[in-house]
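So the protein sequences, as listed, match chains X and H. Per our numbering: the first sequence = residues 1 to 363. Per our numbering: the second sequence = residues 1 to 129.
Be a bit skeptical, because a hint or two may be false.
To give an idea of the interface, some chain X residues facing chain H are shown, with a C-beta separation under 8 Å as derived from the structure [as the list claims (entries may be wrong)]:
1. Val34
2. Ala292
3. Pro296
4. Ile298
5. Gln301
6. Gly302
7. Asn303
8. Thr315
Calculated from the structure, these hints are not laboratory results. Ideal placement from N, C-alpha and C gives every residue a C-beta, glycine not left out.
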Amino acid sequence: MSPRRTSLYDRHVAAGAKLVEFAGWELPVQYAGVREEHMAVREACGIFDVSHMGEIETSGPGALALLQRLLSGDVAAIGVGGAQYSVLCREDGGVLDDLFTYRLADERYLTVTNAANHERDLDWFRACARSLQADGDAAARVDVEDRIEDYAMLAVQGPRARAIVQALSDRALPARMTTATLRLTGAAQEVLVCGTGYTGEDGVELLLAPADAPALWDELVARGATPAGLAARDTLRLEAGFHLYGNDLSTERGPIEAGLGWCCKEDTGFIGADVVRAVRATGPSERLVAFAIDGPGIARQGNAIAGGGVVTSGTLSPCLGVGIGLAYVPAARAALRTPLEIDVRGRAREARVVRKPFVAKAA
Amino acid sequence: MAEPSYPDDLLYHAEHDWARLEDGEATLGITWYAQDALGEVVFFEPPAVGMTLTQDEPYAEVESVKAVSDVVAPLSGEIIAVNDALAEDPTAINEDPYGAGWLVKVRLRNPAETASLLDAEAYAATLAG
Numbered sequence: 001m002s003p004r005r006t007s008l009y010d011r012h013v014a015a016g017a018k019l020v021e022f023a024g025w026e027l028p029v030q031y032a033g034v035r036e037e038h039m040a041v042r043e044a045c046g047i048f049d050v051s052h053m054g055e056i057e058t059s060g061p062g063a064l065a066l067l068q069r070l071l072s073g074d075v076a077a078i079g080v081g082g083a084q085y086s087v088l089c090r091e092d093g094g095v096l097d098d099l100f101t102y103r104l105a106d107e108r109y110l111t112v113t114n115a116a117n118h119e120r121d122l123d124w125f126r127a128c129a130r131s132l133q134a135d136g137d138a139a140a141r142v143d144v145e146d147r148i149e150d151y152a153m154l155a156v157q158g159p160r161a162r163a164i165v166q167a168l169s170d171r172a173l174p175a176r177m178t179t180a181t182l183r184l185t186g187a188a189q190e191v192l193v194c195g196t197g198y199t200g201e202d203g204v205e206l207l208l209a210p211a212d213a214p215a216l217w218d219e220l221v222a223r224g225a226t227p228a229g230l231a232a233r234d235t236l237r238l239e240a241g242f243h244l245y246g247n248d249l250s251t252e253r254g255p256i257e258a259g260l261g262w263c264c265k266e267d268t269g270f271i272g273a274d275v276v277r278a279v280r281a282t283g284p285s286e287r288l289v290a291f292a293i294d295g296p297g298i299a300r301q302g303n304a305i306a307g308g309g310v311v312t313s314g315t316l317s318p319c320l321g322v323g324i325g326l327a328y329v330p331a332a333r334a335a336l337r338t339p340l341e342i343d344v345r346g347r348a349r350e351a352r353v354v355r356k357p358f359v360a361k362a363a
Numbered sequence: 001m002a003e004p005s006y007p008d009d010l011l012y013h014a015e016h017d018w019a020r021l022e023d024g025e026a027t028l029g030i031t032w033y034a035q036d037a038l039g040e041v042v043f044f045e046p047p048a049v050g051m052t053l054t055q056d057e058p059y060a061e062v063e064s065v066k067a068v069s070d071v072v073a074p075l076s077g078e079i080i081a082v083n084d085a086l087a088e089d090p091t092a093i094n095e096d097p098y099g100a101g102w103l104v105k106v107r108l109r110n111p112a113e114t115a116s117l118l119d120a121e122a123y124a125a126t127l128a129g
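Looking at chain X on its own, in the form it has when it is part of the complex:
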């Protein structure tokens, strides 16, 4: 089956992007170059086409109850126009996905999923809805809709991102971790603007009709947003210390091990809460830590750590010029400054546990 293309495919080709297949989509991995794109986001403004990500809309009087059961956070704490980062767990506490959920209206929520997990997440949401409706009363109606076809998504990130996007609206952009539906010059229909991002810099993510995305892309690029691809997205998120599902998160481990206990509220009774509560109480046997290499070498996913543990993400940090990454290590070795010896393709590289983020926000 040939990969899908976003509504911006022609723009990427015209901009000279190197395209790669990712999660069933044909996407730009880089344009001018990874380092250049990375630094554009750190210093000015980059724009990413992340339309491959999925969207699930949960609505109706039973929406809150369903999302409380599914998402690790306290969904009741999300006000209208709010946003929340959480994980989706299996009964055994293994992580199925990490998600952002926006409350668009009283009984209407939009959850953004990772592309590779979208179908699985959708099935999971629907199965949970069915089982709640079987148990509960007929009044708790909930609709779970796949909205992936209805949204393109652009991430505009960097110290100048807000200013560039604000110039397209005569209403104030939403603050960090909030959302607003606004008219933006260049987009025919209203855009859902979210004060969120995956780079560690300030900025917004824009959800809009796929047909409107090319003109808005053109407008933002003309105003100084540098097209940036998947490779820069990865180096940026890793410098910021953010997790990537499939590397740092998987069904094999739970959120406490991953350092995501802060977004879990076990008392809301989400699927997997009991296991998460137990691990939190006894302490996890492994922890995800951030590490930096002392000297040359770049650790990669799968590299083993002497004495136990494994690297789950690794790259050369464009800002720091050293190898950085994330790794699971035995809990006793998770303290800051603990020395780690990483087997990088047969060579032992010395590293140590450091604090996240590796690189702090510019502004």
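We have chain X; now place chain H onto it with these hints.
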């Protein structure tokens, strides 16, 4: 280097490596095609002087942000010099793959091996397919 380039005075190996022959010795590197496929090189640790290379076998690695690639020896020999400057700044491999981006110099063990290499035209033809 923005445009594809395959100098006529070099010999090429199908695994995207080149050799410049000089009196029983050869300077080796990776081709324009290889550096373009890799993207920006972020790390290259030169192998040690004295190491033995065997034709067709990997002798070093070049790393880009996302990936690590083996560098294959186009000819057998003993390393007599390495490009230490690349340890500080490996981007010469992208910018000048046949000049400042040279990787190692070897004393050839079996000069007859050059007969199995391709000239620029033949190598470029393998890329077109």
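Query raised in the report: Of the hints stated earlier, which fail here?
Result: 2, 5, 6 and 7
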